[in-house]
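Spelled out from the first residue to the last, the chains are:
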Amino acid sequence: MSVINYTLRIGDSSLILGQRLSDWCTNGPTLEEDIALTNISLDLFGQANGFLEYAAKLNGTKSADDLAFKRDSNQFFNLLITEQENGHFGDTIVRQFLYSSFFLLFYTELAKSKDATLSALAAKSVKEIKYHLRHSESWLIRLGDGTVESNKKVQDAINNIWDFTGEFFEMDEIDNQMLNEGIGVNNAKLKFLWDDLVNKTLEKANLNYPNNTNMKTGSKTGVHTNYLYTVLKEMQYLPRKYPDAKW
Amino acid sequence: MSETTNVWEVFIQSKNGLAHKHVGNVHAADKEMALQNARDVYTRRNEGSCIWVVKTINIVSSESEDGESFFNPSNDKMYRHPTFYNMPDGAKNI
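If you're matching them up, the sequences are chains B and A in order.
Terminal number for the first sequence in our numbering: 247, no gaps in between.
Terminal number for the second sequence in our numbering: 94, no gaps in between.
Hints are computed from structural coordinates only; laboratory data are not their basis.
Note that CB positions come from ideal geometry on N, CA and C, so glycine has one too.
The reader is advised that the hints may include incorrect statements.
From the derived model, a few chain A residues whose C-beta atoms are all more than 12 Å from chain B [claimed, not checked]:
(1) Gln13
(2) Lys21
(3) Ala29
(4) Ala34
(5) Val60
(6) Ser64
(7) Lys92
Derived EDC-like pairs (lysine to aspartate or glutamate); straight-line CA-CA distance at most 20 Å [stated by the list, open to error]:
(8) Lys127(B) - Glu47(A)
(9) Lys70(B) - Asp91(B)
(10) Lys200(B) - Glu32(A)
(11) Lys233(B) - Asp65(B)
(12) Lys127(B) - Asp43(B)
(13) Lys204(B) - Asp30(A)
(14) Lys31(A) - Asp34(B)
(15) Lys114(B) - Glu181(B)
(16) Lys189(B) - Asp172(B)
(17) Lys127(B) - Glu32(A)
(18) Lys153(B) - Glu85(B)
(19) Lys62(B) - Asp175(B)
(20) Lys204(B) - Glu32(A)
(21) Lys57(B) - Asp115(B)
(22) Lys124(B) - Glu109(B)
(23) Lys31(A) - Asp172(B)
(24) Lys130(B) - Glu32(A)
Label-pair restraints from in silico Cβ distances [to be verified]:
(25) Lys127(B) - Gln13(A): 18 to 24 Å
(26) Asn159(B) - Gly17(A): 48 to 54 Å
(27) Trp52(A) - Thr230(B): 39 to 45 Å
(28) Gly90(A) - Thr117(B): 27 to 33 Å
(29) Gln13(A) - Asn199(B): 55 to 61 Å
Make the full structure from the sequences, and use the hints.
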């Protein structure tokens with residue numbers, strides 16, 4: 001049971017961020033960037049598919065599509081940061097950088113899991129996330145170290161979304177159980193590495209590490225910001241309205 | 001595109017040892033962006049093992065009016081083509 005929940009948390013985060021990023025399709029600031037962001041979105045959908053297929057297999061009665069399209073928002077366990085709005089290009093880049101820097105560390109650890117499926121999915125994801133991080137990191141430096149206006153915009157973006165980064169490092173009962181069984185990752189232990197990684201980039205980008213520590217939480221128990229509802233409403237519209245529709 | 005971005009030509013090597021082949025171009029403001037854009041636009045389906053990007057303005061091209069002096073003189077020198085030689089049976093891949 002815990003493994004299902006643990007797997008859903010990972011799959012849901014990829015799915016919801018993938019869905020958010022897909023909104024950039026045809027809206028990118030340039031043709032090249034449009035393709036770059038939707039490539040990342042597709043990678044995340046691929047990762048989500050892997051984890052949700054596994055959760056469906058463990059569940060036994062539901063398909064991955066059921067899990068993606070027929071759950072309500074309080075049954076989703078994606079990290080709150082993934083459901084936040086795209087905002088302007090700088091907002092999206094900041095969200096992507098913070099997410100990718102954590103998940104690179106997370107998947108690197110999860111690749112050592114005793115659970116062979118989770119380990120294989122993690123190993124595959126590491127390769128993709130490395131590129132996502134490189135892409136968002138170089139943009140963050142470009143914007144932070146760019147003009148006065150671009151610096152201010154990404155610094156504001158960091159300050160605005162920062163409260164959602166505390167969730168990365170939380171450990172609840174399920175996390176601890178998975179860790180003890182050699183299946184899951186010690187999120188709390190990744191904080192030090194993540195701080196280091198983020199700090200180095202922020203320094204290169206002439207950006208400040210925020211002081212605010214009023215961290216928001218809830219996703220592990222299905223408590224979300226209203227934005228998730230908006231995302232699901234669009235994502236699930238067709239399968240819910242026409243349950244028998246085929247791809 | 002703003003004045004701070006340039007056009008870069010993209011060359012992709014499909015396999016180790018083969019020549020890089022021109023595939024198209026991208027807009028980018030710096031080297032890293034050019035490389036990433038080239039990767040995202042031209043190598044999504046496993047097309048390559050190495051990418052070169054070079055600013056279009058750094059490429060020197062012959063002009064169409066150069067054609068007569070550059071290329072026409074070779075038209076009547078058939079002996080420059082290796083079609084007059086008998087290939088030994090053992091030689092492959094030539």
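Taking the hints in turn, this is what the structure says about them:
1. Gln13: holds (19 Å)
2. Lys21: holds (20 Å)
3. Ala29: Ala29(A) not clear of chain B: closest Cβ-Cβ about 7 Å, inside 12 Å.
4. Ala34: Contrary to the label, Ala34(A) does not stay out of reach of chain B, its closest Cβ about 9 Å off (not over 12 Å).
5. Val60: Since the minimum Cβ distance to chain B is about 25 Å, Val60(A) lies beyond 12 Å and the statement holds.
6. Ser64: holds (29 Å)
7. Lys92: The claim stands: Lys92(A) keeps its Cβ more than 12 Å from every Cβ of chain B (closest is about 37 Å).
8. Lys127(B) - Glu47(A): holds (17 Å)
9. Lys70(B) - Asp91(B): Measuring from Cα to Cα gives roughly 29 Å; hence the hint is violated.
10. Lys200(B) - Glu32(A): Between Lys200(B) and Glu32(A) the Cα gap is close to 18 Å, so the pair holds against 20 Å.
11. Lys233(B) - Asp65(B): It holds: about 15 Å lies between the C-alpha atoms, which stays within 20 Å.
12. Lys127(B) - Asp43(B): holds (10 Å)
13. Lys204(B) - Asp30(A): Holds: Lys204(B) and Asp30(A) sit about 16 Å apart, inside 20 Å.
14. Lys31(A) - Asp34(B): holds (18 Å)
15. Lys114(B) - Glu181(B): holds (8 Å)
16. Lys189(B) - Asp172(B): Given that 20 Å is the threshold and the Cα spacing comes to 14 Å, the pair holds.
17. Lys127(B) - Glu32(A): This hinted pair holds, its Cα atoms lying about 18 Å apart.
18. Lys153(B) - Glu85(B): holds (15 Å)
19. Lys62(B) - Asp175(B): Answer violated: Lys62(B) to Asp175(B) is near 23 Å, above 20 Å.
20. Lys204(B) - Glu32(A): Given pair Lys204(B), Glu32(A) holds - Cα atoms ~15 Å apart, limit 20 Å.
21. Lys57(B) - Asp115(B): Distance of about 14 Å is within 20 Å: holds.
22. Lys124(B) - Glu109(B): holds (13 Å)
23. Lys31(A) - Asp172(B): Judged against 20 Å, a Cα distance of about 44 Å means the pair is violated.
24. Lys130(B) - Glu32(A): holds (15 Å)
25. Lys127(B) - Gln13(A): 18 to 24 Å: holds (20 Å)
26. Asn159(B) - Gly17(A): 48 to 54 Å: Holds, since Asn159(B) and Gly17(A) (Cβ atoms, about 50 Å apart) stay within the stated range.
27. Trp52(A) - Thr230(B): 39 to 45 Å: About 43 Å separates the Cβ atoms of Trp52(A) and Thr230(B), which means 39 to 45 Å holds.
28. Gly90(A) - Thr117(B): 27 to 33 Å: violated (52 Å)
29. Gln13(A) - Asn199(B): 55 to 61 Å: violated (37 Å)
The structure shown violates the earlier hints numbered 3, 4, 9, 19, 23, 28 and 29.
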